Amino acid sequence: MNFPVLSVITWSPFVGALLVMFTARRSPLAVRLISAVTTGISAVLSIVVYVTYDRQAAATDDAARFQFYEKVPLVPPLGISYEVGADGISLLLVLLTAVIIFTGVFASWTVKVRSQEFYALLLTLVTGVFGVFVSLDLFVFFLFYELAVLPMYLLIGIWGSSGEVRPRGIFAWAYRETGVGTKEYAAMKLTLYLLFGSAFILVGIYALYVSAGAGSFSILELEAVPFDPVLQRWVFLAFYVGFGVLAGIWPLHTWSPDGHASAPTAVSMLHAGVLMKLGAYGIVRVGMGLVPEGAVEFAWLVGGIACINIVYGALSAMAQTDLKYVIAYSSVSHMGLVLLGAATLTEAGLNGSVFQMFAHGVMTGLFFALVGLVYEKAHSRDIPTMGGFGRSMPGVAAAFTVGGLSSLGLPATAGFVAELLTFMGAWRSEHPWWLFPAVLGTFLTAIYVLRVVRAIFWGPPSPHFHDLPDAQGPEWVALVLLVGVIVVFGMAPALALGLVDSATVPLLARLPLP
Amino acid sequence: MSLPLAVLALPFVSFVLLAVVPPLRRAGRVAGGVSIAATAVAFVCALATWQGHLEGEQLVPWIPGDAGPMATVGLLVDPITNAMLVLVTLVSLLIQIYSLAYLSDEPSPALGRYYTYQSLFAFSMLGLVLSPTFLQMFIFWELVGLCSYLLIGFWYQRPAAARAAVKAFWITKLGDLGFVTGIVMLWAATGTFEFSTLFRMGAAGQLPAESLGLILFLIYLGAVGKSAQFPLHVWLPDAMEGPTPVSALIHAATMVTAGVFMVTRAQPLFALVPDLVWLIGTVGAFTALLAASMACVEHDIKRVLAYSTVSQLGYMMAAAGAGAADAGFFHLLTHGVFKALLFLAAGSVIHAVGTNDMFRMGRLWHGLPHTGIVFIVGTLALAGVWPLAGFFSKESILAAVWGAGRTGTFAVLALTAFLTAFYMFRAVFLTFFGHAHAGGHPHEAPWPMRGPLWILAILTLVLGLAFLASPPPAVEAHHGPGWLGPFSLGLAAAGLALAWAMYQQRAIAPASFSRVLAPIDFAARRRYGIDALYLGLYKGLILGFSKLIGLIDRYLVDGLVNVFSALSLRSGDRLRRIQSGQVHDYVYGVAFGVLLVVVFAHWWAR
Amino acid sequence: MTVETVGFWLVAAVLLASSLAVVLTKNLFHAVLYLAVALVATGVVFLLLESPFLFGVQLLLYAGGVVTIVVFAIMLTERLVGERITQTSRHVVNGAIVSAAVFVAVVGFLLQAGAPAPVTERPDQLAGLGRALVGPYAVTLELLGVLLVAALLGAIYFARADD
Amino acid sequence: MSLHGYLTLGALVFAIGLFGVVTRRNAVGMLLGIELMLNAVNINLVAFSRFHADLGGIVFSLFTIAITVAEVALGLAIVIVIFRVRKTIEADRLDLLRG
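Top to bottom, those sequences are chains Y, P, L and V.
Residue 807 is where the first sequence ends in the numbering used here, and the numbering goes up by one at each step.
Residue 619 is where the second sequence ends in the numbering used here, and the numbering goes up by one at each step.
Residue 245 is where the third sequence ends in the numbering used here, and the numbering goes up by one at each step.
Residue 367 is where the fourth sequence ends in the numbering used here, and the numbering goes up by one at each step.
One chain only, chain Y, in its complex shape:
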């Protein structure tokens, strides 16, 4: 038995959470150090597995697709086992998660209230995310999925911040009764939405499990089962809706702006950066991987809704005056690009989609880290009152600009490569017109991102704020790391795409494309 490297990556944060809960009482520094070390272990190991993955073997031998494989039977009669393994897609996303949580620990260095519990929950959540990306057993996959979703409720409900939404319009009465705008509302909304999605996923998983003979939850074994086309269609729809809620598909996306806006910095980073990717990953891995006919059948739906997401999200982002809402809606828009890439069912598009998951994850992580910094220093998220921050916080301004440029797909940032590949895939897909909403989306993104940059960092200094300090100490670690990843992967996309390609090509080869 080799060193169980994926398990160590996955459980290291959890061990960190336990250590934080049991040993680090009343020592905020120890809490942070333990968190940094345990997530650091995950980060280092995820780089190691990323580098040592044998691409050649994966390309030639179908059995070697999932490497670093571990399997421990849990409930043999039901075919449940702890089965983990990683291919190119998983590895890239594991790397993303590691980067985001590692920087997230630094970005939330200044959390003061109940920091012990905060970090413990955060680390628990990360274990769930890692677990989803590496598990090859649907049952365990689902457990990790829930583990990744539920701590969010507490994290937002306790450490979040409330905003204000004025009840207006024909449904104003409903707003008055639901407490919209408060962090409790946001936390509840997010949790209910995601559990709503989970129900669909669970149904889909059981449908596959039962119709395959109720012998195994293993993805590898279920892949080999030729399911009935009609079943495939229904199950794909269930997966699409279930994972799609987490991926923020229109019109089931409204939890995301409220949730992201209310969540504390590291949680927003993790949530927009990684958790939404969980949804897209689920659609690709479980949806396309296990029910390929359903995926082909409903590509038009996935792609069409993705187009709505792109344009609608960008326009909504433009209309916001709250900084966090802008970023949250931009995530909705970019998740549209991710799903559009996947829906093209082409090599370029799917590579673009996976790369977009990575690029957007890092970028939005950077955004939320920066917004957190600005919020912490200015105690405001209201864009119209801001201005001229570039003078007092040049570092934040520069990092925000880089993030923004990546968001609008400027070359030499990771966002460009992802968008370009998506475009290329779109025009080669069954529905070439998808190209136009996607391109339009990048233009709209350019408008709202640069408007925000101009409104916050440019122009004469705002009279409402004085002596805003730039990022300092641990916060720099987060910013530099994230900016570096964006630029490096933008200039040398082969770093990621070679690996991704080795995973997407076999996936696409299994699709019954016309």
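Calculated from the structure, these hints are not laboratory results.
Among the hints, erroneous ones may be present.
Said to hold, decoys possible - Computed list of chain Y residues with no C-beta within reach of chain P, every gap over 12 Å:
no.	residue
1	Leu322
2	Leu338
3	Val341
4	Thr345
Unchecked claim - Subject to a maximum C-alpha distance of 25 Å in a straight line, what follows is the list of computed SDA-like cross-link-like pairs (lysine to any residue):
no.	chain 1	residue 1	chain 2	residue 2
5	L	Lys108	V	Met305
6	Y	Lys670	Y	Gly450
7	V	Lys355	L	Leu215
Values in this document were obtained by computation on a predicted structure and should not be read as measured data.
All C-beta atoms, glycine included, are put in the ideal place defined by N, C-alpha and C.
Knowing the structure of chain Y, use the given hints to seat chains P, L and V on it.
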């Protein structure tokens, strides 16, 4: 290929150094030194490349794919590239030296930032001209756009600069949408971005005939945005909010010519679609005239030059539209030299008097003789006066257009040539002669600024003389009829004379002149309403629509969610009344449950 | 009329009468005493069903233990309140209707089901019981022990004096 | 005597117990009703055991008895606590759990 690679790498190294080593950047002048040194060495390398006729192509995979790389990057060196390399490095070098004095009042960190951007720009522009693929060209195309954005917004605390920067970015981005769509479609049809492969396929007739027109049109849109062609020209005059050296480098000599360069580069492809070539020429000529007319009523000296740049870019495009991309490219090179000269001279004037408004200048000749001389040299070159460099390139364009039988275009260009002479001499008379306005005693700029001016002025003259001695291929290729030379000189003279009469002698009142041409004057002063149209579209359509979507999302899509939520809360509120807290009631409930089960077992389960 | 039949009717009559008395009598103390009678009668029913062991358990544990606890409880609460506890009933008609309905439903169900074939062979009950308790039901028995301890602790916790 | 006889007897006692539970105001009185109901169940279990020759019924009635004892002990403890706190054991005055 190591020499061209060095040309590309040096500014990049300088940029990376300045970007990731904050102390170096914050040192200001030291950062300038780093950047200037890198550019100087790059210039030498570019000269060596040019002289050594090092030509060739090299490609490496960039985006991997299952069946070979999906996209490649690399270096392509050919005569066009060589000429551009020399121009870009030379003008960059001179302007970076000039800026050292021009921006000497800036705080050190800001100066360091400026040179960081300058290095990035030099790198991006060189990468653009060295591109062997459409994709790489697009990458650097966007990067120079980014530099333009950052440098226009260099004084980011000025609202006007901030506005101009985003406007420039958005408008060029609009064209770039076409560019990227076009190359993606081209890739989908052919599977490659490489020029050489595409040219080969084009020559062999393997390109999809029916969609090629659309694809190339979309790609041309990128050039429309970048090279400020009608109707996307509106950003360039506003871009003058940036520091003057930036205007000289980016918005006159190099970046804005990228569109012309691209059309020249992809000439073998464009030649396959004659209708599109016709369109390019027509739009170019129209842009030339439109911009010239707006330059005639402008008060701001930099904006006059900006409109003149738009106008000259139109000229170049018109040449390309006449199937003479080489003539256009030739004009690009000479224009790069003397327009940089004009901008830098204008910068020197602004430096001396502290205003951009020509009507508040006058009689500067006495205070600024050096600047005056070089400005007039540049003006003469721009007006196309023999034997300066501009004469030859302009001549070859007119000859090419006449030779292509496009009389209408020729007439428009001739009128533009007349207007060019007029508005440029208008600027000369208003600035250097006439009546003194500005208080104080304007004095000549320091030598770091004067040096580049003289170098460029001498270059303008020497190039002209060199062309006289040995006509370049573009001039050789396009011989106009014999009357063409005198004719265009006559146009220039007429423009000079009119400007002299109106602004020096005051023999003709400008007011009475504008009364005669009232509608045009009215429209030109309002920029033909194009800016207002864009503003209206932006505010009304995009922002308005986004507001609407924002409200729909908040109050309709999310509203429905909240209605569900509120209804659940309400029904929960009703249902909880069942929970009376009375144990007896619960026992009744259990009893009824048992009854229900039993009844069910009785009647339905049978 | 066998002995068993006669015994059954007799015991049934006693059981029903005492049960009714439990739920109808005003005095709580008397109700407890009637409950004791009912429990003993149930024990006799067990005897009729050839389960002497269970009869013993019923007498010792139930009739002895439970009744004693209840009596203690009543005396405690009386002392606390300082007055005799009489009890009143409420919604007697409703209660009667519901109980009658449940009875009718159950009996209706019984009438539908046919009587099982009488079993002739009688296994050795006591030995079998012992084996079952330490065999298949061993874990359950242990759990029961845990439950009893927990209940005991709980009862002590609840009933402890305030301090 | 047939199985039905015993079962009917059980049902009757059960019904009487139920009547007690729903009509008694006093918490102790309700507890007594519950005892009756549990007894009825035991009768059923033992009767089934006897007529099916299966010891399971007897085992279960043993368990039932044991659990009943625990239940009574706890129930009465709770009653006493309630008594201390609320000064009443009238069940219809105890509605803290009303929704």
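Item checked: Earlier hints that do not hold, by number -> Violated: hint 7 alone.
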